[in-house]
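Given the coordinates of chain A, assemble chain B onto it according to the supplied hints.
These protein sequences, in sequence, are chains A and B.
Mind the numbering: the first sequence is residues 1 to 325 in the numbering used here, read in order.
Mind the numbering: the second sequence is residues 1 to 181 in the numbering used here, read in order.
Just to be clear, a hint being listed does not mean it is correct.
Derived BS3-like pairs: lysine-lysine, alpha-carbon spacing no greater than 25 Å straight-line [to be verified]:
hint, chain 1, residue 1, chain 2, residue 2
1, A, K167, B, K174
2, B, K147, B, K170
3, B, K131, A, K11
4, A, K11, A, K233
5, A, K318, A, K139
6, A, K43, B, K131
7, B, K28, B, K131
8, B, K174, A, K11
9, B, K170, A, K11
10, B, K131, A, K167
11, B, K60, A, K43
12, B, K60, B, K28
13, A, K157, A, K167
14, A, K152, B, K60
15, B, K162, B, K147
Hint data in this document are derived by calculation from the structure and do not stem from the laboratory.
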Amino acid sequence: MNDQFSNLVAKVLANEASAEERNQLREYLQSDADQQLVYEQLKEYWNADVRLSSAPISDFEATLLQNLSSENERLSKGRTKRLTTLLRISSVAASLFFVVSCYLYFIYQPEGSHLLTYAAQNDPLEYLLSDGSRIKVNKNSSVTIDESFGRKFRKVKLEGEAYFEVKHDAVRPFVVQTAGTSVTVLGTRFNVREETDKVITTLVEGSVQFAAGDCDKILEPGEELCYNVSSGKYNLYATDIQLSTAWVTGRYTYHNLKFADLLQKLSYIYKIPIEISGSAESFGKVVSASFLYDEPLPDILSALESELNFSFSQSAGKIIISPPQ
Amino acid sequence: MKNNTHHIHLNDNPEIVFRIIVRTYQEKVIRFISLLVVNRTECEELASDVFMTLWNQREKLNEIENLDNYIFIIARNKALNHLRKAAGPTLDIDTVNVDVFHHTSTTPESIYISRETVEELNAAINELPQKTKMAFTLVRENKMKYKDAAEVLGVSVKTLEKQVASAIEKLKNKLRSSGKF
Chain A
1 MNDQFSNLVA
11 KVLANEASAE
21 ERNQLREYLQ
31 SDADQQLVYE
41 QLKEYWNADV
51 RLSSAPISDF
61 EATLLQNLSS
71 ENERLSKGRT
81 KRLTTLLRIS
91 SVAASLFFVV
101 SCYLYFIYQP
111 EGSHLLTYAA
121 QNDPLEYLLS
131 DGSRIKVNKN
141 SSVTIDESFG
151 RKFRKVKLEG
161 EAYFEVKHDA
171 VRPFVVQTAG
181 TSVTVLGTRF
191 NVREETDKVI
201 TTLVEGSVQF
211 AAGDCDKILE
221 PGEELCYNVS
231 SGKYNLYATD
241 IQLSTAWVTG
251 RYTYHNLKFA
261 DLLQKLSYIY
271 KIPIEISGSA
281 ESFGKVVSAS
291 FLYDEPLPDI
301 LSALESELNF
311 SFSQSAGKII
321 ISPPQ
Chain B
1 MKNNTHHIHL
11 NDNPEIVFRI
21 IVRTYQEKVI
31 RFISLLVVNR
41 TECEELASDV
51 FMTLWNQREK
61 LNEIENLDNY
71 IFIIARNKAL
81 NHLRKAAGPT
91 LDIDTVNVDV
101 FHHTSTTPES
111 IYISRETVEE
121 LNAAINELPQ
131 KTKMAFTLVR
141 ENKMKYKDAA
151 EVLGVSVKTL
161 EKQVASAIEK
171 LKNKLRSSGK
181 F
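Isolated chain B (complex conformation):
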């Protein structure tokens, strides 16, 4: 009987679990939304909305298999709805053009590539179509599997694979043309 007493502990404290989820995901969610929405304040408001939605659905959360994806899908929908309000219902993501490294700093682990090269490569990524940028960012920064990133972006795994490969192709050409190898 003694071993059973702790089972209820966390059910009684969804706030605690929620706070940890917020801690774990807040930066990732803000970052993700910033791929579509330029204004930082709007990003944070939308991110806040994402967590509110999550909180309101807390009873359902135990049934969700992949919370990671679930959170990013909510974030994507919030961001797209936000953009549609301004652009109308026929919004095509590729007409959005956001500097995806706005408000960020990229720090390589070693000094193998220079700051200058990093900026050049960031600029190369920014030249890609919006959907490709997002695919690249999700897989690279969030360490998402192709399958999961494809689900979040609402494309097939094959498409996503092509998008990430084309981002790498772009980076490779950049390195070659600037003679940084």
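So here's chain A without its partners, still in its complex pose:
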């Protein structure tokens, strides 16, 4: 049984097990509490995050790109002569190709290329695309794809706001186009929101490239880029990703932060000033809180009120937190 047990555990952890094998392991674990514990620890170890420590990764990339450009320069010097002839030939070939492809394009163009629009009116809706990517379209927003989707690129057009969970595919980049900007990824989770004159991209996981006008930036997880469409100016900053993704998950969840910091978050989320007047021991407490995306602010404060021993009142467009009466 021992060998078989290890093999079963390995397959289940590596996501290689059939449904039958999964059942087999489940039954086996249920009959033996010790094995169950061993399994839990193995699973925990398996899923642990192994990271390169002290990785000067940014240096790595910079050095690599530098090496590449000097390599390209060296190559191009050696090849200049041959290249000019080649270029002449290829420019002829290219224009020929252009004429032929335009011709084919007109012949084979069906009545208007097929467009498929995923839209949401009053509530956010989730869709599964043909490549396995998931999109959640916020209310009053739409995502449009045409029939070329998935051939060479996975290109979508966004109006409004949507959250993307892009299935990893290194040879078919996923491109989101919004108001003349484009976000390019291979596989990752991110949010794109169009506001008046602005496109705001928030990266949850992975790596995306944002391009528009002169702006060409690669975002790190936890970063947000706000691009002004009319001025071409942009801002790249670290953000609390929940502020941009709570509409997707339906929740805000905060662990171990000071009560005062939680109030600051609430103030930002509900766009209302919150003041602390007076002091109480509980105000310095470290709290964890999870609340619904559309929960009214007074309900949240009422829930915390007795636990954290404070009282609150609302007046003149702001909320005042004070020690209990």
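Leaving out everything else, chain B in the frame of chain A:
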């Protein structure tokens, strides 16, 4: 006609796609090479070589079905060539003995197992033959399918399955003997 204008966009910008590939894979590739090559600087130079090779073959990339595997196979070949330069052509991977957790930190998601246990289990993995270590690391850290990991390591799927199972066996025995269950 309007819908056709964006098709060329990325073909014109292979640099962008390349930069994203580098971003996505750099750490994985360095990590993979570090399974065979101890020296960190050498690892990074070899990884840099891997991406250079990829860049020089960019025109071919669209034809490659599994870029993940392709990158790791290039990395494996670079690392083995590097080792062969020192050890001669008859190099057997199992004679290489690398601490596979050198330069890394392992962080479990919850506090279910202690730091101490994690280190003990890391040490147990390090006692395994080199090929088994590599099989385990590829499947566990890169979430590779058995089929893909087998291709990268140049072994059969059955062999790979046995290697991963024996790594689990080793871990299980470690947990049992130290009474950590």
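Cross-check of the supplied hints:
{"no.": "1", "hint": "A:K167 x B:K174", "in the structure": "violated (37 Å)"}
{"no.": "2", "hint": "B:K147 x B:K170", "in the structure": "holds (22 Å)"}
{"no.": "3", "hint": "B:K131 x A:K11", "in the structure": "holds (18 Å)"}
{"no.": "4", "hint": "A:K11 x A:K233", "in the structure": "violated (51 Å)"}
{"no.": "5", "hint": "A:K318 x A:K139", "in the structure": "violated (28 Å)"}
{"no.": "6", "hint": "A:K43 x B:K131", "in the structure": "holds (22 Å)"}
{"no.": "7", "hint": "B:K28 x B:K131", "in the structure": "holds (18 Å)"}
{"no.": "8", "hint": "B:K174 x A:K11", "in the structure": "holds (19 Å)"}
{"no.": "9", "hint": "B:K170 x A:K11", "in the structure": "holds (15 Å)"}
{"no.": "10", "hint": "B:K131 x A:K167", "in the structure": "violated (30 Å)"}
{"no.": "11", "hint": "B:K60 x A:K43", "in the structure": "violated (39 Å)"}
{"no.": "12", "hint": "B:K60 x B:K28", "in the structure": "holds (22 Å)"}
{"no.": "13", "hint": "A:K157 x A:K167", "in the structure": "holds (17 Å)"}
{"no.": "14", "hint": "A:K152 x B:K60", "in the structure": "holds (13 Å)"}
{"no.": "15", "hint": "B:K162 x B:K147", "in the structure": "holds (13 Å)"}
In this structure, the earlier hints numbered 1, 4, 5, 10 and 11 are contradicted, and the remaining ones agree with it.
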